[in-house]
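**Q** Listed here are the chains, written in short residue letters.
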Amino acid sequence: MKTTSSFERALLMIFMAGISGVVANGQTQKASPVKHASSYVAARDASPVKQDTIPVSTKSAEARRKYEMGMLHYEDLLMIDEGLDFLRDAVKADPHFALGHAMLGFATFDPMEAHRHRALSKQLIANASPDERLQIRWLNGTKDGQIVPAIAAMNDLLSKYPNDKQFANTVAAWLCSNEQAYDRGAEILERLLAKDDTYGPAMNNLAYCYALGGRANLAPAWMEKYIAAMPDQPNPQDSYGEISRMMGNFPAALEHYQAALKISPSFTSSQVGIATTYALMGDEERARAEYLKANEMTKDAPTIMNYRLLWAMTYFRENQIGRGRKAHMEVAEAAHKAGFAVQEAEAHRAMGLFNPDAKGALRDLDAARAVLTEKHVLSSGDHDTELATILQTRAYVAAIAGQNDVAKAALAPLTAIARTSRDNLIQQSYHSANGATLLLEGMYADAVSELQYDPRNPLSLQLLAEAETKAGEPAAGRDALSRLAGINDERVETAYAAPRARAKLSGAPSGSDQPAAQAKPAPVASARSTGFRGGPLQ
Amino acid sequence: MRNRFLIISSLLLTLAAGAFATDFAVIVHPSNTVRAMTLAELGKMFKGKSLTWPTGRNVTLILREPSQPAMKFVIERVMGVGAEEGKNMLTDATRKSAAPVVFVPSDADVVKAVEASPGALGIVDVYNINGGVKVIKIDEKQPFDPGYVLKGH
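Protein sequences appear in the order of chains A and B.
FYI, the numbering for the first sequence is 14 to 551, going by the working numbering.
FYI, the numbering for the second sequence is 76 to 228, going by the working numbering.
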């Protein structure tokens with residue numbers, strides 16, 4: 014899921030909070046009171062299926078206890094910060110604990126910490142048992158680009174330890190979010206829940222796997238079960254809100270988000286969910302008020318900047334282009350002062366996308382790209398994905414404006430990045446930009462083939478609809494347009510392209526103020542999968 | 076307010092479910108010394124024009140049913156012909172003894188069969204491989220490499 018940049022990744026952290034309990038910029042939801050956790054722990058410990066788990070090799074009883082607590086909080090209770098702290102304590106208690114280092118390297122949001130602990134796990138791997146080594150190979154391989162051996166190790170462990178719920182759940186979440194391998198992820202979770210139909214975290218993930226993988230009709234039933242399994246936790250209600258919104262059922266989404274806030278008034282993810290739901294419903298004034306509430310609920314500066322961008326976008330949503338540009342410029346300036354390069358670039362990119370003048374749009378995108386050339390604390394991965402996103406947007410703008418040379422100029426550096434990167438986001442951005450160029454050159458069938466590699470990006474879907482139609486497949490073109498019209502998420506691409514698709518389908522004049530109420534059902538979840546606990550987001 | 080959104084047609088869902096990219100892995104028995112081959116060489120095996128491994132061992136293809144959507148992509152890409160023509164070539168009775176093709180219902184069955192047969196070659200969704208098989212490179216690339224030729228959508 015992504016045309017995306019780090020900002021979208023951050024937005025997707027909000028989105029994936031449904032699965033992981035994590036909000037933008039890695040802030041953990043603090044809403045799970047310990048007393049609720051305790052009751053869930055007790056219930057979990059009583060489960061007869063908790064056996065035959067992958068062994069944990071450490072000479073320190075304290076390290077083992079901390080590790081198990083870390084996994085419980087991180088995986089089962091979705092209390093991410095607490096889980097990470099336990100894992101840090103575990104490797105402090107036993108600095109030679111290879112699996113502990115690997116798990117921390119997988120789970121942490123801090124790239125430096127991740128790198129350090131992955132390296133330690135490799136150095137210390139001789140201390141691990143053979144099966145732990147397989148687990149370490151999976152954990153590290155997902156981060157080091159060694160995906161093929163990582164998958165082999167993962168499947169060997171799933172086969173050998175069919176009752177290890179935490180491992181299966183972690184694996185399935187990775188498959189459905191990072192890898193877009195929805196069928197495989199769902200298959201693992203279905204098998205897991207067939208053995209233990211009380212394991213709430215797996216219900217949550219299964220619902221998301223279904224929703225993201227095009228089987229959204231199967232998701233609500235699991236959400237109901239998830240809520241029943243963990244009635245005093247806010248995350249089940251928040252997840253159901255998210256799923257309902259993805260399916261276009263906005264009243265239900267609001268109801269569930271509000272229920273989550275009733276359980277835990279500080280559950281920021283649900284507050285942002287309410288704001289975005291109103292934005293999608295076309296009530297931008299209410300959305301702005303709700304985004305401001307979300308801002309007040311967090312102290313994390315990058316997260317606040319992300320919420321400010323969502324707030325600013327409401328002006329574009331209601332076609333107030335001048336006001337929207339002013340709001341985005343303010344965010345760009347604030348982000349610049351704070352050194353948040355991605356948010357600053359995203360503000361310019363949003364202005365480019367909504368700029369009705371193609372030349373002006375390209376200038377905005379130049380400004381977005383220029384931000385990345387300044388001196389910032391930005392990982393090379395974040396830099397490249399943001400740059401790829403900007404270039405993809407540039408190719409899209411060029412395609413709409415009929416400027417083949419501009420599209421080619423955007424494609425050239427993107428091709429260079431894509432040649433050396435296995436990042437899904439970069440690969441999809443490349444295919445989209447290449448599709449845009451082929452569309453401009455009249456090679457419609459080839460354009461279709463390329464654009465189909467990026468099926469969740471609203472800009473790519475719009476181009477795909479055009480390419481299909483021009484290739485003589487109007488029904489396929491209309492299907493692509495329908496899928497685009499059914500997207501309900503907070504991405505700037507969605508805010509721009511989805512209302513236009515709805516207008517086109519309904520025969521109404523094109524504009525950007527068509528609320529999602531006009532949309533057809535969303536058969537596919539709207540967001541591209543970009544990250545998860547331990548994924549590249551972190 | 077939007078009850079109609081809750082009525083999601085199974086047809087649309089089916090179409091949507093088929094819209095995701097998948098890398099297909101070419102797998103062989105771990106004892107097979109081959110580490111890489113070209114798409115053209117793989118195509119010859121599929122067409123029954125290349126019958127043995129360099130060691131002289133006979134090739135057996137283990138595939139999922141050719142009518143499955145994923146296999147249609149594989150057939151078209153590997154054999155360079157339409158799905159129907161490729162299916163006919165794979166199921167042609169005259170090639171049975173030369174380069175047998177075994178069709179199995181699932182990726183898990185493909186993996187199991189390749190694990191058990193030193194001369195076998197199978198193609199599966201990469202997320203279904205395990206440590207009992209070896210993934211070989213095609214045109215010098217393996218799954219997830221940029222430009223990998225068996226990346227379907």
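The set of hints was computed from the structure by calculation and includes no laboratory data.
Since we're looking at a predicted model, the values are computed, not measured.
Don't take each hint at face value.
[To be verified] Cross-link-like lysine-lysine pairs, in silico, BS3-like; alpha carbons within 25 Å at most:
#, chain 1, residue 1, chain 2, residue 2
1, B, K212, A, K156
2, B, K209, B, K124
3, B, K124, A, K156
4, B, K187, A, K135
5, A, K173, B, K216
6, B, K124, A, K173
7, B, K209, A, K156
8, B, K209, A, K208
[To be verified] What follows is a list of derived Cβ distance ranges for each label pair:
#, chain 1, residue 1, chain 2, residue 2, range
9, A, S142, B, S125, 36 to 44 Å
10, A, D379, B, G222, 24 to 32 Å
11, A, A422, B, A115, 46 to 54 Å
12, B, T130, A, P487, 27 to 35 Å
13, B, E151, A, S172, 43 to 51 Å
14, A, P175, B, S106, 24 to 32 Å
15, A, P487, B, G131, 38 to 46 Å
16, A, K72, B, E151, 32 to 40 Å
17, A, Q271, B, K216, 48 to 56 Å
18, A, S142, B, A111, 27 to 35 Å
19, B, A111, A, K388, 54 to 62 Å
20, B, S125, A, P175, 36 to 44 Å
21, A, T211, B, A115, 32 to 40 Å
[Unchecked claim] Chain B regions said to be covered by chain A (calculated; three or more residues, Cβ under 8 Å):
#, region
22, 117–129
23, 146–158
Even glycine gets a Cβ: it sits at the ideal position worked out from N, Cα and C.
**Q** Against this structure, judge whether each hint is valid.
**A** Taking the hints in turn, this is what the structure says about them:
no., hint, in the structure
1, K212(B) / K156(A), "holds (21 Å)"
2, K209(B) / K124(B), "holds (23 Å)"
3, K124(B) / K156(A), "violated (41 Å)"
4, K187(B) / K135(A), "violated (30 Å)"
5, K173(A) / K216(B), "violated (30 Å)"
6, K124(B) / K173(A), "violated (39 Å)"
7, K209(B) / K156(A), "holds (21 Å)"
8, K209(B) / K208(A), "violated (31 Å)"
9, S142(A) / S125(B): 36 to 44 Å, "holds (43 Å)"
10, D379(A) / G222(B): 24 to 32 Å, "holds (29 Å)"
11, A422(A) / A115(B): 46 to 54 Å, "violated (34 Å)"
12, T130(B) / P487(A): 27 to 35 Å, "violated (53 Å)"
13, E151(B) / S172(A): 43 to 51 Å, "violated (32 Å)"
14, P175(A) / S106(B): 24 to 32 Å, "holds (27 Å)"
15, P487(A) / G131(B): 38 to 46 Å, "violated (54 Å)"
16, K72(A) / E151(B): 32 to 40 Å, "violated (56 Å)"
17, Q271(A) / K216(B): 48 to 56 Å, "holds (50 Å)"
18, S142(A) / A111(B): 27 to 35 Å, "holds (33 Å)"
19, A111(B) / K388(A): 54 to 62 Å, "violated (43 Å)"
20, S125(B) / P175(A): 36 to 44 Å, "holds (39 Å)"
21, T211(A) / A115(B): 32 to 40 Å, "violated (53 Å)"
22, 117–129, "violated (count 0)"
23, 146–158, "violated (count 0)"
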